[in-house]
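Engineer: As you go down the protein sequences, you meet chains G and V in turn.
When the letters of the first sequence are read in order and numbered with my numbering, they come out as residues 1 to 938.
When the letters of the second sequence are read in order and numbered with my numbering, they come out as residues 1 to 306.
Just so you know, these hints were derived from the structure itself, not from any lab.
Keep in mind it's a predicted model, so treat the numbers as computed, not measured.
It is possible that some hints are incorrect.
Each computed DSBU-like pair below joins lysine-lysine, with the alpha-carbon atoms no more than 35 Å apart [unchecked claim]:
{"id": "1", "chain 1": "G", "residue 1": "LYS616", "chain 2": "V", "residue 2": "LYS29"}
{"id": "2", "chain 1": "V", "residue 1": "LYS129", "chain 2": "G", "residue 2": "LYS140"}
{"id": "3", "chain 1": "G", "residue 1": "LYS136", "chain 2": "V", "residue 2": "LYS245"}
{"id": "4", "chain 1": "G", "residue 1": "LYS630", "chain 2": "V", "residue 2": "LYS275"}
{"id": "5", "chain 1": "G", "residue 1": "LYS430", "chain 2": "G", "residue 2": "LYS444"}
{"id": "6", "chain 1": "G", "residue 1": "LYS630", "chain 2": "V", "residue 2": "LYS192"}
{"id": "7", "chain 1": "G", "residue 1": "LYS616", "chain 2": "V", "residue 2": "LYS245"}
{"id": "8", "chain 1": "V", "residue 1": "LYS188", "chain 2": "G", "residue 2": "LYS616"}
{"id": "9", "chain 1": "V", "residue 1": "LYS270", "chain 2": "V", "residue 2": "LYS245"}
{"id": "10", "chain 1": "G", "residue 1": "LYS136", "chain 2": "V", "residue 2": "LYS241"}
{"id": "11", "chain 1": "V", "residue 1": "LYS241", "chain 2": "G", "residue 2": "LYS630"}
{"id": "12", "chain 1": "G", "residue 1": "LYS140", "chain 2": "V", "residue 2": "LYS73"}
{"id": "13", "chain 1": "V", "residue 1": "LYS129", "chain 2": "V", "residue 2": "LYS73"}
Quick look at which bits of chain V chain G covers, simulated, 3 or more residues with Cβ under 8 Å [what the hints assert, rightly or not]:
{"id": "14", "stretch": "6-14"}
{"id": "15", "stretch": "66-80"}
In silico contact screen, one side only, chain G against chain V (beta carbon under 7 Å); selected entries [claimed, not checked]:
{"id": "16", "residue": "ARG177"}
{"id": "17", "residue": "PRO180"}
{"id": "18", "residue": "THR182"}
{"id": "19", "residue": "PRO201"}
{"id": "20", "residue": "PRO507"}
{"id": "21", "residue": "ARG508"}
{"id": "22", "residue": "PHE514"}
{"id": "23", "residue": "LEU625"}
{"id": "24", "residue": "VAL628"}
{"id": "25", "residue": "HIS710"}
{"id": "26", "residue": "CYS829"}
Beta carbons are placed, not taken as given, at the ideal position from N, Cα and C, and that holds for glycine.
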Amino acid sequence: MAAHWSSENVVVEFRDSQATAMSVDCQGQLAVLSSRRFLYIVNLDTPTEGHRKISRQSKWDIGTVQWNPHDSYGYFFAASSNQRVDLYQWKDGTGDIATSLQGHTRVISDLDWSVFEPDVLVTSSIDTYIYIWDIKDTRKPTVSLSAVAGASQVKWNKKNGNCLATSHDGDVRIWDRRRPSTAVEYIAAHLYKIHGLDWHPDNEHILATSSQDNSVKPFSNGLVTVMVPQLRRENSLLLWNVYDLHSPVHIFVGHDDVVLEFHWRKQKEGQKDYQLVTWSRDQTLRMWRVDAQLQRLCANDEIMELDELMDGMSLMPEQKIMQPQEQTSGPSEEEVAFSEDSSSMPVMVGDTEQCSLPQTLQQEFSLINVHIRNVNIEMDAMNRSCTVSVRCGNHRVRMVVKFPVQYPNNAAPSFQFVPPTTITSAMKVKLLKILKDTSLQKVKRNQSCLEPCLRQLVSCMESFVDQESSPSDNPFSLQNPVTPPLPTFARVTNAYGSYQDANIPFPRTSGARFCGAGYLVYFTRPMTMHRTVSPTEPTPRSLSALSAYHSGVIAPMKIRTEAPGNLLLYGGSPTRSEKEQVSISSFYYKERKSRRWKSKRETSDSSSRPIKAAGKVIIQDISCLLTVHKALGEMYILNRGDLQEMCQKNAASALSVGRRDLVQVWALAAAANDICLTPKSDPDVETPWAHHPFGRQLLESLLTHYCHLHDVQTLAMLCSMFDAHLQPQGNGVSCHPFPSRSNHSRYPSFTSSGSGSSMSDPGFGTGGWSGGGQDGDHAAPWGDASPDEYRYGNINYVDPREREKEQHDKNKRILDPANTQQFDDFKKCYGEILYRWGLQEKRAEVLKFVSSPPEPHRGIEFGIYCSHCRSEVRGTQCAICKGFTFQCAICHVSVRGSSNFCLSCGHGGHTAHMLEWFSNQEVCPTGCGCHCLLESTF
Amino acid sequence: MIHDAQMDYYGTRLATCSSDRSVKIFDVKNGGQILIADLRGHEGPVWQVAWAHPMYGNILASCSYDRKVIIWKEENGTWENTYEYTGHDSSVNSVCWAPHDFGLMLACGSSDGAISLLTYTGDGPWDVKKISNAHTIGCNAVSWAPSVVPGSLVDQPSGQRPSYIKRFVSGGCDNLVKIWKEEDGQWKEDQKLEAHSDWVRDVAWAPSIGLPTSTIASCSQDGRVYIWTCDDPTTDNWNPKLLHKFNDVVWHVSWSITANILAVSGGDNKVTLWKESADGQWACISDVNKGQGAVSSVTDGQQNEQ
C-alpha cells in the first residue's frame with residue numbers, strides 16, 4: 001500500500017483488492033470497498049492506515065454497495081451479491097451481516113436507500129422486478145414494481161419520497177410506489193444503454209442520465225433541457241456545470257484505469273472544500289479536493305448544483321451482470337451469436353465472448369461476422385492486416401488495420417485512414433481516439449478487438465451522420481437550457497412492441513376451449529418452438545416485453561447458443577427501424593441442433609429460412625368426459641302414453657351406453673309410476689304416494705345426486721317424466737296443447753301455439769322464424785290446466801273444497817311444485833344441448849314439458865282489426881264490441897287457439913282447417929282471389 | 001402464431017385467428033378440414049374470435065391489436081365484414097357474445113380500460129354502450145352470465161315471465177374480477193372480486209344447468225386459477241376457491257357445456273382438465289396429450305410467422 005500526497009488529491013492503493021464497488025457513509029468518514037472476498041472499510045481521514053476487512057465467502061462479486069444515508073442508521077450498509085442483498089452492520093470496528101434480503105430471481109443490478117425513510121431500500125434486478133424493502137421486515141418486499149424489462153439502475157427522488165426512477169436499456173421510467181402496477185412516466189432517454197442515473201438534489205423534477213451513447217442528459221419535467229455528447233475518456237472524471245454544458249468545468253486526471261465509482265464526501269464543519277472520492281479499476285482510491293477556486297468556476301455557489309458526470313465505459317454494469325451468468329451457463333459456451341446489427345456495443349458483446357476467444361489472428365478473422373451493416377472487410381492474415389471500408393450516409397471511410405505480432409496480448413493494432421476517406425480531419429481524430437481506446441481496453445485483457453472496434457466505428461459514424469443530418473438536434477446549438485423537447489423523445493405511437501404495449505397482455509400462444517356439445521378445441525405452440533428464456537421463468541405479462549426481448553435487455557441466457565437472424569439480439573436501441581419488426585415469435589425460438597462454431601456460416605444461411613410459427617389446432621372429442629351422452633339423447637324416449645314402457649326402453653338405452661346407474665334410476669322411476677300408486681282424486685282416501693319416503697323424497701335425493709354430477713340429461717328426463725306422470729291423470733288436464741306432435745315439430749313456424757321454443761331452428765334469421773306469428777291467443781296455450789294457474793291462479797276461492805282440492809293436487813305431485821322453475825331450467829338446458837347435437841325433435845319433446853310460459857315474443861306481431869267494429873285489437877276479444885276478433889274462414893267460428901292467416905289478404909282461421917284447405921287448394925278459402933300459398937309463408 | 005380457435009354452436013366449423021392478421025374458417029365436419037374463408041381486414045394480430053348464436057345467422061366477431069372489432073357475417077355462402085367497431089383507443093383483447101335470449105349483443109374488453117357493448121336490433125345501426133375505465137390500465141377478458149339467472153328460481157309473481165338480468169364478468173390489469181349488471185339500460189359495477197395478485201388474464205362464467213349456484217373461473221398472470229361461487233343470488237356473496245397455482249401464467253379457462261369440467265391452459269403450453277368431486281374438491285383429471293384421441297386436427301400451415 002502506498003500513499004501519494006499531492007496538493008490535488010489523496011491516492012491510496014489497495015493492491016489485489018479486486019474491489020468492484022465503493023460507497024462513502026453519511027458522515028463522510030468511512031468508505032467501503034467491496035470485492036469478492038473482502039469488504040474493506042477505509043477511514044477517509046486516515047486512508048492510508050487502519051483499514052479493516054470483513055471477509056465474505058461468496059463466488060459472486062458485490063454488485064453495488066451503499067451506506068445508509070441517515071445518521072440514525074448510518075452504521076448500516078447494503079451490498080448486493082447476485083440475487084441477494086446483505087445488510088451489514090458496522091459498529092466498533094467490526095462488521096457483520098445483520099440480515100439478508102432475498103426475493104429477486106436474477107442478478108440485482110442496483111440498490112438505493114430511501115432519502116426519507118432510513119429503513120427503506122429499493123433494489124432493481126434484471127428479473128424485471130423492482131422491490132422496495134423495509135429492513136424491519138426482511139421476509140419479503142413491501143412493494144413490488146413490475147417493469148417487464150430488466151432494470152439496470154434505480155434511484156429515489158431526493159425530494160419526493162414516493163417517487164423513484166429506474167433505467168431500462170435506453171429508457172427511464174419514473175414510478176410512484178403507491179401505484180406499483182405501472183410506471184408513471186416513460187422517457188425514451190438514450191439510444192443506448194444507460195449506465196448512470198441520478199436525481200437533482202433540490203429539484204423534484206430534474207434527473208440526469210449517462211449512457212453508452214456517450215451523452216449525459218439532464219431532464220426536467222420530462223423535457224430535455226440540454227444534451228451533452230461526450231467522447232469517451234475512460235480514465236478521467238469530468239465535472240460539469242449544468243448551466244454551461246459546452247465543456248466540463250474540470251477534469252480529474254489521475255486514474256490509470258476505468259473509474260468504477262465516485263461519491264461526494266460530506267463536508268466537515270469549518271471546511272470549505274468539497275471532496276470527491278473515487279474508486280477505479282486500477283485499484284486505487286483517490287480523494288479529490290474541490291477547492292474554492294474550482295467552486296467559483298461553477299457558476300452557482302452551490303456545488304451540489306453541479307452534475308458530475310462519468311463517461312460511458314466507466315460504470316460497466318453489464319459486466320457485473322454478465323459475470324454470474326457466465327458461471328451458470330452450460331457447456332455451450334463455445335457457441336457465440338454474433339449479431340448482424342451493427343449498432344450493438346462492444347461492451348455488451350465483450351464479456352460473453354470471453355470463453356470463445358480466438359487465440360490467433362487467423363482464428364479471429366475466420367470468426368468475424370462479415371455481416372456488419374455497411375461494412376466491408378478484406379482480411380489478410382499473412383500480412384497481419386486488414387482493410388475496412390465503411391459507408392454511412394454520404395461518408396466513406398477506408399481504413400487499414402495492422403496487427404502487431406504480440407496481438408492480442410497487450411498489443412493494440414494500429415489504425416490508419418486511407419483514401420477515399422471523406423470525413424473531416426476532426427472526425428478522423430475522434431474516430432481514431434475511439435478505436436484506440438476500444439482496442440486498448442480489449443488487448444489489456446488479452447482479448448481480440450477487431451470486431452468491437454468495427455462496431456464502435458460504425459456506430460460512431462452513424463451518430464455523426466445523424467447529428468449532421470439533423471442540425472436542430474445539435475446539442476452545441478442549444479444555448480438556452482430551456483428548449484423544446486427533441487424529436488427523439490417524442491413518444492412512439494404506433495410501433496408494435498413499444499412501451500405503449502405495456503398494458504396489453506402478452507399474447508396467448510396456446511389455449512383450450514370447450515366448443516359445441518362435446519369437443520375440446522386446443523392449440524399449442526409448435527413443439528419445435530421454445531422460449532428464449534429458461535422455462536423456470538414466467539412468461540411476461542405484457543406485450544411490451546417483446547421489445548425487451550427483442551433488444552436483448554433481459555439477455556436471455558439461451559440466446560447465446562442460438563443462431564442469429566431469428567432474433568435480433570443486439571438491437572440495443574429502443575428506436576428501431578422498419579426492418580426490425582418485433583414479432584411474437586421473437587419470444588420463442590425454433591429448436592435447432594446445437595452446432596459448433598465452425599459451421600457458423602452455414603447457420604446464418606439457414607436462418608434466412610422462415611420458421612413455421614403456426615402450430616396445430618386439435619379438435620378432441622371429449623364426450624366421454626361429459627355426463628351427457630349424445631347416444632342417450634338419440635335413444636331416450638318420452639312417451640306419456642305408456643310410462644312403464646318408456647322407463648324400460650330408457651333403461652335399456654342407458655345400459656347400452658354403459659350407464660348402469662341410470663338403469664337403476666329408470667327402474668325406480670318405473671316403480672314410482674306403477675299404476676297402483678296413482679294418486680286418488682279424493683284427498684280423503686289416502687296419503688298420496690308423493691308423501692311416502694320413496695315418493696318425493698326419493699326423487700329429490702336422486703335429483704340432488706345428479707345435480708352434483710351436473711348430469712342435466714338425467715335431470716331433465718326425470719323431471720319430464722314425472723311431469724308426464726301427473727298430467728294425464730290431473731283434474732281436467734286432458735286438454736293437451738299439442739294434439740299432433742308431428743305437426744309441431746315439422747312446422748315449427750306454422751303453428752302459433754306457444755311451443756315453449758326459446759330458439760328457432762337453424763337457418764332462420766332474426767325475426768325470420770316468426771312468420772307464423774302468434775296471435776293474441778298465445779297467452780294461454782296450456783288451457784286451463786297450466787301449472788302456473790295452479791300455483792298463481794285465482795287465489796280467492798270461494799269454496800273451501802276448491803282450496804282443498806288445489807292443495808291435494810300439489811300434494812299428489814312427486815315433483816315438488818315449489819321447484820318448478822328449476823325443473824324447467826333443467827329441461828331448457830338439456831333442450832339446448834339436444835339442439836347442439838342436431839336433435840331438434842327430441843328437444844321439442846323435452847320442451848313440451850316446460851311449465852312456465854315461453855319467453856315473450858319479440859319478432860313481428862300481428863295487429864288485428866276486429867272483424868266486427870274494425871277497431872284495432874290486441875288479443876282475442878275486442879275491447880270495444882266484446883266480440884271475438886278473428887273468424888275462421890272455413891267454419892266461421894271465432895278463433896281462440898292455434899291460427900294461421902295469410903299475410904297478403906289477411907284471411908285465415910284455425911290451423912287445422914287451413915292445413916286441410918291448402919293441402920289441395922292454392923287460393924284463399926274466402927274467395928278473395930289471393931294466392932295465399934304464394935304470397936305468404938303457408 | 002395462433003391466438004384463438006373456436007368452434008361454432010354445432011361443432012361443425014372452426015374459426016382460428018392469428019398474428020398474421022387473418023381469421024380463418026374451416027369446415028371440420030366428419031373429421032375433415034376444408035378452408036372455407038380467409039377473412040382479412042385486421043391490421044394487427046387478431047387476439048380472439050367468437051361465434052354468435054346461429055339463430056342470428058352465421059356471425060363471427062373478431063378483435064385485434066389494431067383496436068378494431070370486426071363482425072363478419074356469412075351471406076349466401078360468402079363471408080363479409082358486416083360491421084367494424086373502432087371505438088377503442090388500444091388493443092381489443094376479448095370479445096364475447098351474450099346469451100341469445102338477450103338479442104345480438106357483444107361485449108368487448110380493451111387495453112384502454114373500457115368495455116363496449118354492441119347491440120344489433122335487426123335494423124338500423126349497431127347500438128354502442130361503453131363502460132369507460134372499467135378496469136384501470138386495461139381489460140383483458142369478458143364473459144357473459146348465462147341467461148338462466150339463478151334469481152329466477154325464486155317464485156315469480158303470477159303470470160310474470162322471468163325478466164332476464166343481464167350480467168357479465170370481466171378481468172383486467174388491476175388484478176380484479178368485476179361483475180357488471182344492467183340496470184335501467186345502464187351498465188353498473190355489481191361486484192368487485194379480489195384475490196389475484198397480478199393481471200387477470202381470463203374469466204369464464206360457467207354455463208348454468210339450472211342450479212342456484214353461479215360459478216365463475218378466473219385465471220391470472222400470477223399462475224393462480226380461482227373458482228368463484230355465489231350460492232345465494234340474493235346476497236351476492238362470492239367465495240373464491242383456489243383451484244391450483246401453476247408455475248407459469250394461466251391465460252385461458254373454459255367450461256364444458258354442463259359446467260362440470262374446466263379446461264385450463266397457459267404459458268407452459270399445456271392443457272389440463274379439472275373436475276369437481278362430489279365433496280367440492282377440484283382435481284386434475286388429465287393432461288391433454290397432444291394428438292391422442294383427436295377426432296380431427298387442423299394444421300394451419302398457411303398461417304404465417306409473425
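Engineer: Does each hint hold? Answer for all of them.
Structural biologist: Now for the hints, and whether the structure bears them out:
Pair hint LYS616(G) plus LYS29(V) holds up; C-alpha atoms about 17 Å apart against a cutoff of 35 Å. Taking the CA atoms of LYS129(V) and LYS140(G), the gap is about 43 Å. The hint is violated against a cut of 35 Å. Simply put, LYS136(G) and LYS245(V) have alpha-carbon atoms about 29 Å apart, close enough for the 35 Å limit, and the pair holds. Using a Cα cut-off of 35 Å, the hinted pair LYS630(G) and LYS275(V) holds, with the two alpha carbons roughly 20 Å apart.
Proximity of LYS430(G) to LYS444(G) is assessed by CA-CA distance (about 21 Å); at most 35 Å being required, the pair is judged to hold. A hinted pair counts as satisfied when its Cα atoms are at most 35 Å apart, and LYS630(G) with LYS192(V) does not qualify at roughly 39 Å. Under the criterion of a C-alpha separation no larger than 35 Å, the hint pairing LYS616(G) with LYS245(V) is consistent with the structure, at around 27 Å. As the CA atoms of LYS188(V) and LYS616(G) are separated by approximately 40 Å, the hinted pair breaks the 35 Å bound.
Between the alpha carbons of LYS270(V) and LYS245(V) the distance comes to roughly 14 Å, so the proposed pair stays at or under 35 Å and holds. Of the supplied pair hints, the one linking LYS136(G) and LYS241(V) holds, its CA atoms being roughly 32 Å apart against a limit of 35 Å. Between LYS241(V) and LYS630(G) the alpha-carbon distance is near 32 Å, which keeps this suggested pair within the 35 Å criterion. Taking the CA atoms of LYS140(G) and LYS73(V), the gap is near 53 Å; set against the 35 Å cutoff, the hint is violated.
Taking the CA atoms of LYS129(V) and LYS73(V), the gap is about 22 Å. The hint holds against a cut of 35 Å. Interface restraint, the stretch 6-14 of chain V with chain G: holds (8 residues with C-beta to C-beta distance below 8 Å; minimum three). A stretch counts as covered by a chain when three or more of its residues have a beta carbon under 8 Å from one of that chain; for the stretch 66-80 of chain V and chain G the count is 0, and the coverage is violated. Given the 7 Å rule on beta carbons, the hint for ARG177(G) is violated: about 17 Å separates it from the nearest Cβ of chain V.
This hint is violated: PRO180(G) has a C-beta 11 Å from the nearest C-beta of chain V, more than the 7 Å allowed. A cut of 7 Å between beta carbons decides the hint on THR182(G): the least distance to chain V is about 6 Å, and the hint holds. Interface hint at PRO201(G): violated, since its Cβ lies 33 Å from the closest Cβ of chain V, which is beyond the 7 Å cut-off. A cut of 7 Å between beta carbons decides the hint on PRO507(G): the least distance to chain V is about 5 Å, and the hint holds.
A distance limit of 7 Å between C-beta atoms decides the matter here; for ARG508(G) the minimum to chain V is near 5 Å, and the interface restraint holds. The restraint placing PHE514(G) at the interface with chain V holds, with a minimum CB-CB distance near 5 Å, inside the 7 Å limit. Taken as an interface hint, LEU625(G) checks out: its beta carbon lies about 6 Å from the nearest beta carbon of chain V, inside 7 Å. Restraint check, VAL628(G) versus chain V: the minimum CB separation of about 6 Å is within 7 Å; hint holds.
Annotation: interface hint on HIS710(G) holds; nearest CB of chain V at approximately 4 Å, less than 7 Å. For CYS829(G), the shortest C-beta to C-beta distance to chain V is roughly 5 Å, which falls under 7 Å, so the interface hint holds.
Violated hints for the displayed structure, listed by number in ascending order: 2, 6, 8, 12, 15, 16, 17 and 19.
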